[in-house]
Amino acid sequence: MRPDRRKFIRETICAALGGASVYSAFGGMKLLQAAARHDYGFTNYKALVCVFLYGGNDSFNTIVPISGAARTNYQLVRPNLALPTAGLHALNAPASGAGSPGDGSSYGLHASMPELAALFNANHAAIVANVGSLVRPTTKTEYQGGSAVLPPQLFSHSDQAAYWQSSPPSNAPVTGWGGRIADLVASANPPDIPILTSLGGQDAFVRGESVAGYVMNSYGPNVIDFPYELSGDDALRSAFDALHAQGQANALERTFGNAMRHSVATATLLQATLGAAGMPNFDGYFAGAGEIGEQLETVVKLIWAANNNVPGYSGLSRQVFFVTGGGYDTHSDQLATQGGLLVELSKALSGFHAALTSVSLADRATAFTASDFGRSLSNNEDGSDHGWASHQFVVGGAVAGKKFYGDNLAGTGSAQMPSLAPSDQNPNDGGYGQMIPTTSVEQYSATLAKWFELSDSDIDLILPNLGNFNTRYLGFV
Amino acid sequence: MTVSRNVRRLLCLAVMLVCAASGASALAQSHRPDAMLHDGFDGAAAGPANDADASRFLAQATFGPTDADIAHLRAVGYQAWLNEQFAAPQSLEMTYLDWVGDTLHEQVGHQNRREAWFLGALGGPDPANNALIHSDQLRQRIAFALSEILVVSDQNAQLAEFPTSIAYYYDILVANAFGNYRTLLEKVTLSPAMGTYLNMRGNQRADPSRNIHPDENYAREINQLFSVGLVMLKADGTPQLDGGGHPIPTYSQATISAFAHVFTGWNWYDCDDNGFDNFTDCGPDYTTGENWLHPMVPYDQPNQPNNGDPSYHDNGTGPNDLHSKQLLAYPGAQAGGVLADGGSAASDLQFALDNIYGHPNVGPFIAKQLIQRLVTSNPSPAYVKRVADVFNANRASPNQLRAVAQAILLDPEARYGQAYSDKYGKLREPLLALTHFWRAMDARHTCGRDFTQGGLQNHYANQPYRYAGYVTGWGTDDDQYGSGIAQAPMNAFSVFNFFKPSYLPPGEMTTNGLVGPEFQLQTESVIANTVNSVEGRAFYFDVAQVCDAGDDFGEVKVNHAKDLALAGSGNGGAADPADRLVDAYSKRFMSGQMSPFMRQTLLAYLNRIDSSWTEGVTDWRLWRIHTALYLVFNSPEYMVQK
Numbered sequence: 001m002r003p004d005r006r007k008f009i010r011e012t013i014c015a016a017l018g019g020a021s022v023y024s025a026f027g028g029m030k031l032l033q034a035a036a037r038h039d040y041g042f043t044n045y046k047a048l049v050c051v052f053l054y055g056g057n058d059s060f061n062t063i064v065p066i067s068g069a070a071r072t073n074y075q076l077v078r079p080n081l082a083l084p085t086a087g088l089h090a091l092n093a094p095a096s097g098a099g100s101p102g103d104g105s106s107y108g109l110h111a112s113m114p115e116l117a118a119l120f121n122a123n124h125a126a127i128v129a130n131v132g133s134l135v136r137p138t139t140k141t142e143y144q145g146g147s148a149v150l151p152p153q154l155f156s157h158s159d160q161a162a163y164w165q166s167s168p169p170s171n172a173p174v175t176g177w178g179g180r181i182a183d184l185v186a187s188a189n190p191p192d193i194p195i196l197t198s199l200g201g202q203d204a205f206v207r208g209e210s211v212a213g214y215v216m217n218s219y220g221p222n223v224i225d226f227p228y229e230l231s232g233d234d235a236l237r238s239a240f241d242a243l244h245a246q247g248q249a250n251a252l253e254r255t256f257g258n259a260m261r262h263s264v265a266t267a268t269l270l271q272a273t274l275g276a277a278g279m280p281n282f283d284g285y286f287a288g289a290g291e292i293g294e295q296l297e298t299v300v301k302l303i304w305a306a307n308n309n310v311p312g313y314s315g316l317s318r319q320v321f322f323v324t325g326g327g328y329d330t331h332s333d334q335l336a337t338q339g340g341l342l343v344e345l346s347k348a349l350s351g352f353h354a355a356l357t358s359v360s361l362a363d364r365a366t367a368f369t370a371s372d373f374g375r376s377l378s379n380n381e382d383g384s385d386h387g388w389a390s391h392q393f394v395v396g397g398a399v400a401g402k403k404f405y406g407d408n409l410a411g412t413g414s415a416q417m418p419s420l421a422p423s424d425q426n427p428n429d430g431g432y433g434q435m436i437p438t439t440s441v442e443q444y445s446a447t448l449a450k451w452f453e454l455s456d457s458d459i460d461l462i463l464p465n466l467g468n469f470n471t472r473y474l475g476f477v
Numbered sequence: 001m002t003v004s005r006n007v008r009r010l011l012c013l014a015v016m017l018v019c020a021a022s023g024a025s026a027l028a029q030s031h032r033p034d035a036m037l038h039d040g041f042d043g044a045a046a047g048p049a050n051d052a053d054a055s056r057f058l059a060q061a062t063f064g065p066t067d068a069d070i071a072h073l074r075a076v077g078y079q080a081w082l083n084e085q086f087a088a089p090q091s092l093e094m095t096y097l098d099w100v101g102d103t104l105h106e107q108v109g110h111q112n113r114r115e116a117w118f119l120g121a122l123g124g125p126d127p128a129n130n131a132l133i134h135s136d137q138l139r140q141r142i143a144f145a146l147s148e149i150l151v152v153s154d155q156n157a158q159l160a161e162f163p164t165s166i167a168y169y170y171d172i173l174v175a176n177a178f179g180n181y182r183t184l185l186e187k188v189t190l191s192p193a194m195g196t197y198l199n200m201r202g203n204q205r206a207d208p209s210r211n212i213h214p215d216e217n218y219a220r221e222i223n224q225l226f227s228v229g230l231v232m233l234k235a236d237g238t239p240q241l242d243g244g245g246h247p248i249p250t251y252s253q254a255t256i257s258a259f260a261h262v263f264t265g266w267n268w269y270d271c272d273d274n275g276f277d278n279f280t281d282c283g284p285d286y287t288t289g290e291n292w293l294h295p296m297v298p299y300d301q302p303n304q305p306n307n308g309d310p311s312y313h314d315n316g317t318g319p320n321d322l323h324s325k326q327l328l329a330y331p332g333a334q335a336g337g338v339l340a341d342g343g344s345a346a347s348d349l350q351f352a353l354d355n356i357y358g359h360p361n362v363g364p365f366i367a368k369q370l371i372q373r374l375v376t377s378n379p380s381p382a383y384v385k386r387v388a389d390v391f392n393a394n395r396a397s398p399n400q401l402r403a404v405a406q407a408i409l410l411d412p413e414a415r416y417g418q419a420y421s422d423k424y425g426k427l428r429e430p431l432l433a434l435t436h437f438w439r440a441m442d443a444r445h446t447c448g449r450d451f452t453q454g455g456l457q458n459h460y461a462n463q464p465y466r467y468a469g470y471v472t473g474w475g476t477d478d479d480q481y482g483s484g485i486a487q488a489p490m491n492a493f494s495v496f497n498f499f500k501p502s503y504l505p506p507g508e509m510t511t512n513g514l515v516g517p518e519f520q521l522q523t524e525s526v527i528a529n530t531v532n533s534v535e536g537r538a539f540y541f542d543v544a545q546v547c548d549a550g551d552d553f554g555e556v557k558v559n560h561a562k563d564l565a566l567a568g569s570g571n572g573g574a575a576d577p578a579d580r581l582v583d584a585y586s587k588r589f590m591s592g593q594m595s596p597f598m599r600q601t602l603l604a605y606l607n608r609i610d611s612s613w614t615e616g617v618t619d620w621r622l623w624r625i626h627t628a629l630y631l632v633f634n635s636p637e638y639m640v641q642k
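Here the protein sequences come in this chain order: A and B.
According to the UniProt record's numbering, the first sequence holds residues 1 to 477 in order.
According to the UniProt record's numbering, the second sequence holds residues 1 to 642 in order.
Calculated from the structure, these hints are not laboratory results.
There may be inaccurate statements among the hints.
Between beta-carbon pairs, the in silico distance windows are [unchecked claim]:
#1 A:ALA90 x B:ALA549: 52 to 60 angstroms
#2 B:GLY332 x A:THR412: 56 to 64 angstroms
#3 B:PRO295 x A:GLU229: 55 to 63 angstroms
#4 B:ALA549 x A:GLY232: 28 to 36 angstroms
#5 A:SER158 x B:ALA68: 39 to 47 angstroms
Just so you know, even glycine gets a beta-carbon here, dropped at the ideal spot from N, CA and C.
Using the sequences and the hints, build the whole thing.
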């Protein structure tokens with residue numbers, strides 16, 4: 001089966017080069033050429049799982065200072081939102097040096113997140129500090145002086161979500177970096193099994209140049225819901241199938257018939273896979289984990305299936321999943337709203353790890369969070385506004401956990417939790433408490449792509465702005 | 001005329017007899033429509049010779065044939081029909097939105113703009129004045145095609161805030177659908193929607209002290225997507241090759257940069273009226289949205305009200321300006337494509353647009369894409385050249401695109417090409433399949449109510465021509481419409497539209513170099529949603545249904561029962577076969593091109609249905625109608641318009 005997809009990609013290139021069609025939104029020609037040239041002969045299975053938190057999670061109230069200067073400033077700048085130290089779950093990262101928050105302060109997770117804090121302290125989760133959309137390293141002076149080259153439409157939900165997923169969107173969020181990774185590794189996988197799958201809707205992350213993401217419901221594939229058959233003998237279905245069976249005279253009709261059959265076959269395969277004999281029951285790991293938990297449970301099932309010779313679902317070496325949750329745009333009533341969301345997020349991420357651990361697959365999958373943007377340090381009456389940089393979690397057996405990671409403007413690749421001082425005294429604050437990222441989405445993505453065992457040159461193709469940063473890989477996985 | 005028609009009929013009859021005699025059993029299994037050999041004794045413009053030809057023409061020229069339109073076209077002929085369409089009054093979205101806002105006093109939102117789009121696409125009575133009939137189908141179809149070349153989208157965050165920005169833009173396309181492409185290009189360039197979408201609005205001359213460079217976004221896309229494309233084309237749209245067999249680039253990065261410097265100094269028409277005197281702080285009018293409804297204006301003259309600010313236009317005379325900008329260079333280009341220093345923003349823009357429009361690529365580049373949108377994905381180079389020639393012969397005409405539309409539709413390849421190629425046709429776009437279904441099945445808005453939202457009254461009760469049903473489904477989890485079919489008007493992912501004109505579907509089409517742009521939308525998961533969406537329309541959403549009292553907006557519903565007489569005249573079963581229904585649907589939906597195989601497959605199923613099938617319906621024949629629609633609309637033979 002494998003040569004087929006490589007052949008397809010090569011033919012695509014030949015056709016594109018030979019014909020009039022050299023359109024590309026994104027330098028996609030290079031990407032396709034790389035895919036055809038590079039034969040990734042992976043001997044192992046790995047899955048990347050993006051957990052996207054729509055709305056812009058307030059990470060400054062997710063990872064909270066317990067002591068030190070950060071605590072003092074935190075209480076100063078967030079009079080209405082500051083969480084008390086009692087109830088926070090301490091993060092036992094190194095106090096100084098590599099893996100520390102970098103600012104001498106100590107931090108804990110939100111009171112709603114005991115499971116994730118425990119996972120962190122057990123070395124299976126890490127924090128990437130103050131990461132966000134950047135074209136290149138940007139200082140407060142450059143930003144406020146107007147000389148910085150900036151991502152378009154900072155603080156806009158749709159644009160910044162697109163930036164996080166596309167890196168960069170180039171005003172045309174046609175492909176995401178998840179999709180572009182899938183383009184490159186497609187040849188290492190059977191052609192008929194989705195390797196780029198969204199369980200939380202269509203978005204840029206799951207669009208590649210040649211690989212189109214398969215969009216499923218949180219519990220399984222979108223299936224054709226064939227009409228009720230009054231005759232009870234599936235004759236309508238048989239007629240439907242007959243019309244899509246091979247044999248059309250017209251090339252476009254044949255292609256559409258193939259696509260329809262493939263759609264039905266894919267949905268059928270995934271349904272069968274999720275219900276495969278021997279599929280462990282993972283429900284217990286996701287109790288109270290909400291919609292993200294439901295999606296992650298389905299991902300766990302598919303990862304299990306890919307590693308247990310489930311008929312029709314074997315031979316996979318790389319998969320990319322997209323899981324989403326919403327409601328994080330907490331302009332008001334933040335304490336109650338975010339608290340509820342974080343309960344589910346904590347249970348979902350820790351459940352994901354525990355479920356995979358139970359079947360000895362924890363080191364095969366890395367889950368990471370992303371969000372539109374962080375929120376403003378300054379608060380309004382009972383909420384926060386759109387910000388820029390944020391902190392994110394990475395979870396999995398391959399993660400070098402119990403540490404803070406990131407870059408800083410000096411490009412030394414050390415974590416640096418941003419100052420939480422009031423705006424005019426804060427070198428990280430671009431204004432209004434909107435924190436300037438010190439680590440770029442590209443560095444975050446590149447680290448994950450590196451774990452996926454893509455070559456350095458291919459990673460540069462996927463992330464064209466990566467070269468603007470001194471540190472390519474952050475080392476968290 | 002009469003004589004030659006008779007000759008053709010005799011010939012057709014002879015061909016059919018030969019086919020029938022030569023292999024009746026093979027014919028029974030054929031997936032190819034019966035040959036209808038009209039090969040142009042009368043010229044392509046004569047006709048239509050039969051209902052199937054009329055239906056086929058209307059599939060290309062309208063938002064879907066109806067029985068009434070087929071009859072009308074047969075009565076008047078192609079040319080008279082085209083002339084009627086050229087003269088038909090324009091349906092403009094702003095007219096509808098003004099009615100919604102000014103007369104109904106509703107908050108105008110994007111759902112209203114989509115209602116306006118459907119009003120134009122579906123045609124029929126105007127909701128504000130039922131005596132006014134919208135019938136400008138060809139104009140609307142061309143405008144829709146143009147909207148997929150000159151793309152703006154409400155997925156852009158700022159445009160999403162101002163529905164009228166896109167309505168005003170769409171009306172430019174509608175108003176100029178039969179006009180001149182140079183004129184259209186200028187109106188598009190200066191529209192605030194495009195200015196916002198591709199960043200020409202507020203674009204300013206270089207200022208190294210503030211690290212400002214002219215934005216290249218519009219400069220790039222107007223060349224790459226709206227006019228000349230990336231590679232030099234022959235007159236027939238195929239690429240010119242250099243000595244090494246490689247395509248020749250149309251322009252370089254330096255060219256794009258030069259255009260970016262030209263497209264500087266433009267902003268909202270009312271920057272000063274808003275109380276701003278600063279070009280860079282000028283913003284949209286959040287109170288009325290009025291400044292979205294006026295072309296952008298230049299801010300580069302000392303006598304303009306922003307006097308005192310620096311000029312924002314690079315005319316080649318400033319210390320950081322680009323001198324003697326080299327735009328597109330091609331034989332015959334004015335001044336070799338070099339823009340002399342010292343112009344104004346307005347005069348420089350004229351030079352740049354003339355420079356682009358004058359390029360020999362524009363004719364074949366635009367001709368091919370319009371053919372793809374209306375007729376076939378892979379037109380022959382000769383067809384492209386014939387249409388491009390018309391484009392070029394009418395370069396100075398205010399009716400240029402009218403001539404182009406006629407050339408596309410009356411070309412022999414448009415009228416007869418399907419008979420000679422098994423690669424002919426195009427996959428129907430989801431939206432066009434939807435409008436086809438609704439038009440052909442007498443869609444009406446039903447249910448809905450007058451309700452208060454945000455302190456404003458909404459009026460959806462007794463409004464058969466406010467097509468709100470699509471709107472309420474879009475963007476929700478409702479698979480029946482919107483998200484189910486993955487396409488909404490002016491909602492493309494990006495400036496690269498819902499699909500690229502060069503998209504190669506996987507499989508044999510890629511192997512054979514056949515593009516299928518619309519296939520790019522039909523991902524495996526979207527196909528499943530689309531089939532489910534067809535089920536909803538085929539089986540449910542009927543005007544006879546009782547309304548849900550809690551349904552604010554109502555739904556678009558069709559009249560399935562109008563086909564009862566076709567579906568059977570006795571008690572069904574094999575003794576009362578469904579031939580007339582299948583043949584009527586072949587004509588209405590498939591231009592009479594249903595293959596013998598498909599016809600046999602449908603009849604084998606439909607003839608099982610008899611008068612004992614009463615569950616869930618008021619008349620057993622509705623089972624035949626529902627299932628026939630379901631099978632037809634999901635079939636490859638329907639989905640490929642050919």
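Going through the hints against the structure:
With their beta carbons about 56 angstroms apart, A:ALA90 and B:ALA549 fall inside the hinted range of 52 to 60 angstroms. In this structure the supplied range 56 to 64 angstroms holds for B:GLY332 paired with A:THR412, their Cβ-Cβ distance being about 58 angstroms. Checked against the hint of 55 to 63 angstroms, the C-beta distance between B:PRO295 and A:GLU229 comes to roughly 58 angstroms, which is consistent with it. At roughly 34 angstroms, the beta-carbon separation of B:ALA549 and A:GLY232 lies within the given 28 to 36 angstroms, and the hint holds.
The beta-carbon spacing between A:SER158 and B:ALA68, approximately 42 angstroms, falls within the hinted interval of 39 to 47 angstroms.
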